[in-house]
Amino acid sequence: MELLTINNVWMMICTALVFFMHLGFGLLEAGLTRQKNTLNILFKNIFIITTGLLLYCLVGFNLMYPGFAEGSLGVFGFAGFGLDAVAAADLAYNEGYTYWTDFLFQGMFAATAATIVSGAVAERVKIVPFMIFVVIYVGLVYPIAGSWKWGGGFLDQLGFYDFAGSTLVHSVGGWAALVAVWLLGARIGKFKDGKPQAIPGHNIPLATAGVLILWLGWFGFNGGSVLSADPALTSLTLVTTCLAAAAGGVAAFLVSTAMYKNLDLTMFLNGILGGLVGITAGADQMGPTDAIIIGAIAGIIIVFAVRFIDKIKLDDPVGAIAVHLFCGIWGTLAVGIFGAMAGWDQFVSQLAGVASYAAICIISTFVILFILKKTVGIRVSETEELEGLDGYEHGMDAYPDFRMNEH
Amino acid sequence: MELLTINNVWMMICTALVFFMHLGFGLLEAGLTRQKNTLNILFKNIFIITTGLLLYCLVGFNLMYPGFAEGSLGVFGFAGFGLDAVAAADLAYNEGYTYWTDFLFQGMFAATAATIVSGAVAERVKIVPFMIFVVIYVGLVYPIAGSWKWGGGFLDQLGFYDFAGSTLVHSVGGWAALVAVWLLGARIGKFKDGKPQAIPGHNIPLATAGVLILWLGWFGFNGGSVLSADPALTSLTLVTTCLAAAAGGVAAFLVSTAMYKNLDLTMFLNGILGGLVGITAGADQMGPTDAIIIGAIAGIIIVFAVRFIDKIKLDDPVGAIAVHLFCGIWGTLAVGIFGAMAGWDQFVSQLAGVASYAAICIISTFVILFILKKTVGIRVSETEELEGLDGYEHGMDAYPDFRMNEH
Amino acid sequence: MELLTINNVWMMICTALVFFMHLGFGLLEAGLTRQKNTLNILFKNIFIITTGLLLYCLVGFNLMYPGFAEGSLGVFGFAGFGLDAVAAADLAYNEGYTYWTDFLFQGMFAATAATIVSGAVAERVKIVPFMIFVVIYVGLVYPIAGSWKWGGGFLDQLGFYDFAGSTLVHSVGGWAALVAVWLLGARIGKFKDGKPQAIPGHNIPLATAGVLILWLGWFGFNGGSVLSADPALTSLTLVTTCLAAAAGGVAAFLVSTAMYKNLDLTMFLNGILGGLVGITAGADQMGPTDAIIIGAIAGIIIVFAVRFIDKIKLDDPVGAIAVHLFCGIWGTLAVGIFGAMAGWDQFVSQLAGVASYAAICIISTFVILFILKKTVGIRVSETEELEGLDGYEHGMDAYPDFRMNEH
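Chains as they are written, first to last, in the numbering used here: chain A, 2 to 408; chain B, 2 to 408; chain C, 2 to 408.
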């Protein structure tokens, strides 16, 4: 009973920290995009966290943890609508947390995947179709895909390992972002004569605050993924998480400075996020040196991935694909290369996991968005894009009374 | 000893989260008001949290928990000035927390009531009289009123239930806001030819951050009101709290979109707060479905309450009365309608509680502010209001060096 | 095992809160300086937290806790590069925390000292030499100085007491800030005809958020310095911390209002920080009344220290020297005057501690910065200073797409 109480306290705190990541995402995305679309970005983030929780309560939790029967294929299961008052009353449900904590912690994760997409499609996506996409992706795709590993499905049987979601959360968001960005097309003015143009965001202090809030949130994201307060594992996880974040930031800063000769804060910030995403799949399996190497490589990946995405003419205003997809894949594979689980067999399992999630995410995102594109359309009009989404979709400005000083 | 340690850790964390709500309130209120009054709003919030803590140490804690004698009326008691070193040294003080934690957790609550008022009276209240009001309201009215229920006073004897303060905190702030707004009058320009005019705030990203910080703080506000780390109760409470918040936001968004045909972010945000206030009185007594219904109704109340307050020509710049008073009453009554305590007798007890707090809050606020109005005045001059309170009261601007870009 | 788990949970939470202080420092410093240097300030803060953690992993932790042999001088020791997997695997390492938690908690402290300097040298320091300074100061000076007391070195033997770092963290940053500001010289325009000119910052809401985040972080900074979750000590510490913060703010506000006749929010905010720094050395040794007195005196010190620093023609844009050095010294000495350890002998020990840290910090900062000044230079060109560091060092603006409204 005492151990359950301690474990549950830790898990509740981690839940709160993962919840707080939604503010981090909101500020980061708002800061890295233009002022005229700020309200729209924030609206999407608020929609995702609220709707995401309700959907996870309605169907998500029971899709993700359906309790696959022995001998089932482990591909799809559903334990029924709503939460389970009987399981909730059973304090022997799990030694690490109560039923309620389990639901809420996992529910906070669910919304994250969609939030990743919202940054990538910023400044040009039609909000109502985007909300429809979110409902389907958070409500159905994320939990079904999640059941394959965390729900004990077929990838779990195959030995695939993803501690806290480099693949199950970040790549699931990242693949959707990739497909969405491709279907949407680039923002007006992003490519001139085939050359990518920088479209700077409007508020770097907000973006910086967003990244530090996300880092804080990762204490809960990875620390809570231990699923108990086990002192050795939780504290190791926090150390690897923080070292990877630091290494990712420093590596991205050094490489980007060498390449572009200026001290680019947004690259530093995305490097931190890259390091965090990279360590997430194996944060409990690595030592400090592994963590630093994984983080540093993630930071370097960021610099080249941002360049590569520009080169293939995709337009991702906040760098979400570089951070969540590229570093998510890297982190997942790194479990087979570094740390306690390193080995060829494990590497192959990791590859199988990456491929499986690529398949479900690419296909489902494509189908949903393609249908929406052909019916209601997914992109705002040129006028609206040029004048800003805030006025058109929300009838308001994000800084409606902001005045400049005369001096 | 171990159980006390765990419980106390949880309570300290909840204390920190409730403290953090003061940043949430500050950002929300600053964001929803005009730039020229930003410094003034922030000053009030900083004044309230600091002074509130000192007053709660000096008299508040001992007014709120006076230890009513058996057979006393349970209306007023006072256990003496300052904190009690003897009680503090006794680790058997309570199984859920130490004396120090008890004081600090409750002290963080105390300041909240006054903060609610500060948003409603924004942009036109004279700051010195407002500070006098705060000292009396936080120092005396809040703890005396609180003693009626949480101190074991007459409403506790009557069976009135208010888990974490829909009435004791939020309505206590909301009633004061209502009276203050009525005595102060509307801001210049709020009503033209009898019609309410929108006066948009200056920084919606700040307001959004404020709401998400408040939601985070509510993990501590409600979670800590269990007064221990009891795993079943704390985690249930977090689930009902988050579901009500989500449902409140979504309901307010849907209804306001249906009514006004635009996606209004501030309505979404206030809907979330409404859901949070609504669930607070019974967060430990509800199941998930109850929580969603209570939250959704709170969200709908927000939309109509904002309209109603406009209609009766009251001017509440941040929607504090709709959120804290209307949803506070709703949440208090909901304890008699939904969940484990539902029943006619309970509903009547809840009504008695609402009425008692209405009485003490309306009367005391009216007396304090009426005296201040007739003596020093409570409203700034027309010139000051038009030019902004920041320059007049603080000799400074909130963004003194903010420059626009030339492009 | 259960007690270790609880203690470790508390220490991990405190670690997260101390980490979060870096956002507080970043927002405070950015808010109190001009818009044209915002990106630069944020970059420095991000550099410090990432590099600081990596350096603390590489050498800092083993310099700070070298395990001085009996009979050694206790001045310098080094336990080798990197972290110790053997110690990490030993759950009997300490009853209060694991090896990993120990490292991470102390690592978060390490970066703080340098962050203090970054505010003082803002708006004119060359960033590359500053980064070199940070690497040496965080990597070597801070941990060696820290070993004198927290590592069990000679000051610990002498009975010097510094609970959570009024001296070991805040003065260590403050002395460096003092020397740096002196070597750098004042910003252009700070002194006209020998008179100090106010150079207001650009974003007071950010600064306010920064201070409240710092206060929140102090729950971990002081609460975690108990080094376990001991319920009596941790909760007492949070009470003294919060009361000192409140008293510091209110005292600074009252005194500055009496002196300057306007309600100065930045003075209120710095008073809160002064109170926090002041209580830090003895937060576990004081009662509530002591804490209020210590905090109030710290708040008063702030008002006069800011004036004094202006008078001696030093230019500290954010008031870091007043807050961290003056109040750090005050708090350290206060341990000999108030609370459980008060006494002449203790006071002398405290003085010895203050003097020792003054010596190592002044000398090391002077040597490092003097060499940098004579070689690469530590100050940006006049043009760069006038036009802003953001454009020159980072090729970007902090608000690149911020537009004003036409109304």
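Read the hints as simulated data drawn from the structure, not as lab findings.
Just so you know, these numbers come straight off a predicted model, no measurement behind them.
Each residue gets a CB set at the ideal place from its N, CA and C atoms; glycine is no exception.
Careful: at least some of the hints might be erroneous.
[Unchecked claim] FRET-style restraints, in silico, Cβ to Cβ:
| hint | chain 1 | residue 1 | chain 2 | residue 2 | range |
| --- | --- | --- | --- | --- | --- |
| 1 | B | E388 | C | G190 | 20 to 28 Å |
| 2 | B | F305 | A | E71 | 36 to 44 Å |
| 3 | B | E71 | C | Q158 | 53 to 61 Å |
| 4 | B | V377 | C | A356 | 29 to 37 Å |
| 5 | A | A353 | B | A259 | 42 to 50 Å |
Taking the hints in turn, this is what the structure says about them:
no., hint, verdict
1, E388/B x G190/C: 20 to 28 Å, "holds (27 Å)"
2, F305/B x E71/A: 36 to 44 Å, "violated (53 Å)"
3, E71/B x Q158/C: 53 to 61 Å, "holds (57 Å)"
4, V377/B x A356/C: 29 to 37 Å, "violated (51 Å)"
5, A353/A x A259/B: 42 to 50 Å, "holds (47 Å)"
When each numbered hint is compared with the structure, violations occur for hints 2, 4.
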